[in-house]
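**Student:** If you want the building blocks of each chain, they are given just below.
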Amino acid sequence: MTILEEIRAEAGRPLPELAEKYHADGRRCAALFCGFIPPEIVHAAGAVPMRLRATGHSGTDAGSTYFAQTHCSLVRHAFDMAMRGRFAGFDAVMFSTGCDHSRRVYDAWRHADAAPALRMLIPVSSDSTPAAVVALERELEKMIFTLREEWKVELDDGAIGGAIRQYNKQRALLEQIGRARIADDSRLSGADVLALHQVISSVPVDQGNALLERLLAELPGMPARENATGTRLFLVSSHFEDLRRMATIEEFGGLVVGDLMCTGTGYFHGPVDEAAPPLTALAERALHRLSCPHAADEIDRRVRFIVDSVREGRCDAVILDRLSFCAIGAAEFFVLARRLKAEGIAVLELEGELHGGGEGQLRTRLEAFREQLSNRDSAR
Amino acid sequence: MTTLAMGIDIGSLTAKGVLLANGAPTAKFLCRSLPSATESVRSVASGLCGHGRIEFEQVHAVCLTGYGRFQAPFPAIEKSEISCHGLGAAQCESSVRTVIDIGGQDSKVIALDDRGLVQEFAMNNKCAAGTGRALEVLAHALGVPVEELGPLALRGKAGCRLSNRCSLFMENDVLQARRDGIEKSAIARGIIDAVVERVLTLTAKLPIRSGICLTGGVAKNPGVVAALERHLDQPMIRFEFDPQLVGALGAAHFAARSL
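So the protein sequences, as listed, match chains A and B. Numbering follows my numbering, with no gaps: position 78 of the first sequence is 146. Numbering follows my numbering, with no gaps: position 256 of the second sequence is 261.
If you're looking for bench data, these hints aren't it; they were derived computationally from the structure. Incorrect hints may appear among the rest.
[Stated by the list, open to error] Lysine to aspartate or glutamate pairs mimicking DMTMM-like chemistry, simulated, CA-CA at most 25 Å apart: (1) Lys210/B with Glu245/B; (2) Lys210/B with Glu421/A; (3) Lys210/B with Glu427/A; (4) Lys225/B with Glu245/B; (5) Lys33/B with Asp225/A; (6) Lys210/B with Asp225/A; (7) Lys409/A with Glu245/B; (8) Lys210/A with Asp225/A.
Given the sequences, and given the hints that come with them, work out the whole structure.
**Tutor:** Now the structure itself:
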């Protein structure tokens, strides 16, 4: 089995199964619903932070008892898992107010008294002003206090500083992966990188770093990825976890050589300032992270990042792909589509469910978009 | 020697085909889509060949489009139905710059360049409210065959407003309107207006340019054509060629270009 096959296999494992494994090893684990929650604090408290995803879970019947079909399918899937006891093996589940749907899933989880018993909400401001940073720092202090009380652990600045250094190392390693990804003879597809992101956001950071170092060492000896269509794409999304959808995008659209999404490059983008007080630095990074449209005042930076990445990655176009009923995604993409087109960048807007559905329409859109790009090139 | 190029369009409700002989349509075929796309393709190919009048092996190139395009039982090129409707419409009338295609389960607005090639497009998502299927369901709720919905709507007075956000809500609105005693023709007009308004939400992403035509089976509905002209305040280009076969015609031209 190659390292990429190992990564794919690991990414296909449901999170509850991984949680059981950590418990058997005597480790706590916490599910993080949103990218605003710093994994450094959870790691420093001795637990494994696992970015919540619904891999391997199908159906939302139980989740839909509290949520309508007009709520995003991430919320419905996550709550369905909760109602079926799939988070019973976790020691905590943590939410933020990154969007109204995630705030509501916290309310519903508490109301239903679904496991685990420790459920935490970390409110974040919808902008990234100095006042918002101070407010988030206070919330992180409360989070630390709760973890100390509940888990009876030492959780001081030294431990958090150590975790920050480990996660910064991970971010630096991922930056190297990102550079390898845009090469003309890239060894990595977008689906490979998505699977990699899923794995390292659900294993202890030292294991993730070891995996990344191994992958970087093996990359030069790997065969180049075939780009069936010859088209190079940059993908912008929010919570994107469907490896099959990514494979369809790459088969019918083009090779995804870069992304900005909260379950991808955006989650890992940019280091935490190691010289600043830890909580201030964590709050600063969380709010200035590029991936989340929640911070509406950061849109200029996100546009600039996408435009620069498209040019550096020699991308032919940008795909904006959001979950149906993701309200902040819809608002963000409305602006992004216009700003990117004004920069002369072709844009395809897609929307879909967390897993599967609408495969025929997706293929048609991708194929027609590729034909549109080809028509544009032939007219020049 | 006569060059034969075949275009086959396998949609969700109907399967269509056009055969070109030296670039001009020589045979057309339309049937209900079969459960298997491969069988639909075979059926259309056989129909275009006049059920044995010419041998399929005599056809020089085939292009498949529509949802069944990936299940070719023989060598063929593939093109999206968006490109095929675009090129097909431009072959019918070279001044076409905007194609509105209302199919059985989806609707599209397509901007064309002066070669009949796609510049940009917008397509509905999962919602069926702006599709041919919605017209079928709502005609059934009204108690008329879908073929009669358009002529009935042309006689209807304006003013019957239906929700256009969801086919299920629209169906409830139709039943309520019937209970309220509103004339069937006015309800028919309300149905068509609601479906057309839903389709035109796509133009928020893609501005309409003059030289507009409607393709797909719904183009045979005179009520929909009239409603589009009313809403867009522009005349629609009407083809002599069967608008339901425009996608297959475009596919046939792509097949011919591949030679």
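**Student:** Report the numbers of all earlier hints that the structure fails to satisfy, in ascending order.
**Tutor:** 1, 5, 6 and 7
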